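Q: Given next are the chains, with one letter for each unit.
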Amino acid sequence: MKNKITFFLFFIFIWGCSDDRLKPLEKETAVEVEIPETGSETEGEPEPEPEEIDFKNNTEASNLFLAQPAKIPVNIDNSMPFVSVNGTQVYVEVEKFVKKKDNSPVSFPVNIELIELFSPGDIILNGKPTVSNGKLLKTGGEIFIRITKDGDEVILKDDHYLRIKIPTKKPDNQMRLFTGEEDVEGNLNWEEEPQWITYECNSDKRQPGIDSNCFNTERVSLTVNDNNYEFFTGDLGWINCDRFLNDESPLTTISFEAKNAPLNAILLYLYFPDINSIIAVKNGVSLEVPIGQNYTYVAYAVSSNDLVYAEWKEGLTVAKNQKIELNLVETTPEALLDFLDGL
Amino acid sequence: MKKLLKVLTLLLMLLCWHGTAHSQVIKNLGLTVNYNYGVKNAGVGLRYYVALTEKLSIVPQVRYQPAFNTIHEAYAGLMLHYSIYENNSLGIYALAGGEVNYWLNYAPTVNPKAKEVNALPELGAGIQIPLNKFIIFTELKYNPIWNEAFSELGIRLTPNKRRKNKQLKCPKFI
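First to last, the sequence lines map onto chains A and B. Our numbering puts the first residue of the first sequence at -7, with every later residue one more than the last. Our numbering puts the first residue of the second sequence at -3, with every later residue one more than the last.
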């Protein structure tokens, strides 16, 4: 008998929980509206077109996620580097700089603007793919550095170099120094800096690096020291530690088509995790990429009312003349950022 | 509302008549609080116990559910309690009966069986624990028409708890 009672009580708790009396009838009637059958009253009427979305252009869309440079006033001894929160060290020696507008000398304090793009997600969101004249680069990290004095941009004097260290978890001795040049459309191309820098100690020219290295007559532009890439750059702006791939695989392009957004509104990137390389796809056709490489694609567009439409796919392999159809769906900026953070 | 008052008046008259006609039977008053799991509403109740036999009692009762949510309603009904198990410290009983529901702020809902006034069967079970001057009890009831379950927790006052008959005491002989 006790078992029967227990079962009965259990039955009541499981099934006796209808909240139908809390639901007003209006909601239910809305569901029950009859839909006329196709071919009766609506015969001959065209199927309604899906609502057309007004997308922003590429530049406007990318602005949604652009990293803003950290602006830090610097007033320190020349022998001490400025160290960013992400570990980038900049040895600011003001005597190396002049104001760009009139070549006048510079003194402390100066202002440093720094952007650090060390992850694939950050590189994608900031639209700075790792490509040099159409060739893929393996990246060890990108930075943007700008120095100002009283609001005026400063530049390095001729044959003077700024010493910078950027942190790396996987040091690669073949990395080289690249600097970036943006065209009028904001596309960035990386150019390799000369591998050797010549300087003379017994002249009035200052040498790169610290004075104790003065006895050298040549010095490699980028070295690996204690999980840091250390380099001397003669140019400020976009700087990248990269190297070209030693990949003899045959190359191919990947073509993309988009169902629900114009290709010129889509920001489309391919990420190759095995070589830590990122390329942008313009007008639906990629650069030549090695067949057999694993890759991930990320595509997103932003509507005029700031809704984000995106699609991403991981674990793909480059195949000859591969074609992919994109189907962007509305998502949240957070979901896109979460995915990119996980790359 | 008038219908509800009529029902309540009828019930009270029935109770009064029963009380005067059968004063020898056990009659107790009970106070309850309840919670409806389906519509998540709570209320208070009043009941009257009339023992018909050693195992069977008839329990007229009223309940009032204030408008804690969108539902404001009152019930009046009659239950039969049948004792399944009883000892000095615990009693278990099954119950069945019916209630008249008056939904004071009735509005049509997706439950087509719910109207302004409703007759509802109920069945369930209860546990009671006798203490010195009262009995505490809890019941679980199920209303199959609306598919709603509710619990009641109450106290049953037992001022006329049977005492030992003094006449049965053995006379003292000195």
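Hint data in this document are derived by calculation from the structure and do not stem from the laboratory. All values reported here derive from a predicted model rather than from experimental measurement. Note that CB positions come from ideal geometry on N, CA and C, so glycine has one too. One thing to keep in mind: the hints can contain errors.
To be verified - Part of the chain B face toward chain A, derived, beta carbon under 7 angstroms:
id, residue
1, Y33
2, V35
3, A38
4, T105
5, V106
6, N107
7, A110
8, E144
9, S147
Q: Give a verdict on every hint.
A: Verification of the supplied hints:
1. Y33: Given a least distance of 5 angstroms, the restraint on Y33 of chain B holds.
2. V35: holds (5 angstroms)
3. A38: violated (14 angstroms)
4. T105: Nearest chain A Cβ about 5 angstroms off; hint holds.
5. V106: holds (4 angstroms)
6. N107: Hint holds; N107 of chain B Cβ to chain A Cβ min 4 angstroms, cut 7 angstroms.
7. A110: Holds - the Cβ of A110 of chain B comes within 7 angstroms of chain A, reaching about 5 angstroms at its closest.
8. E144: holds (6 angstroms)
9. S147: violated (9 angstroms)
Checked against the numbered hints listed earlier, the structure breaks hints 3, 9; every other hint is satisfied.
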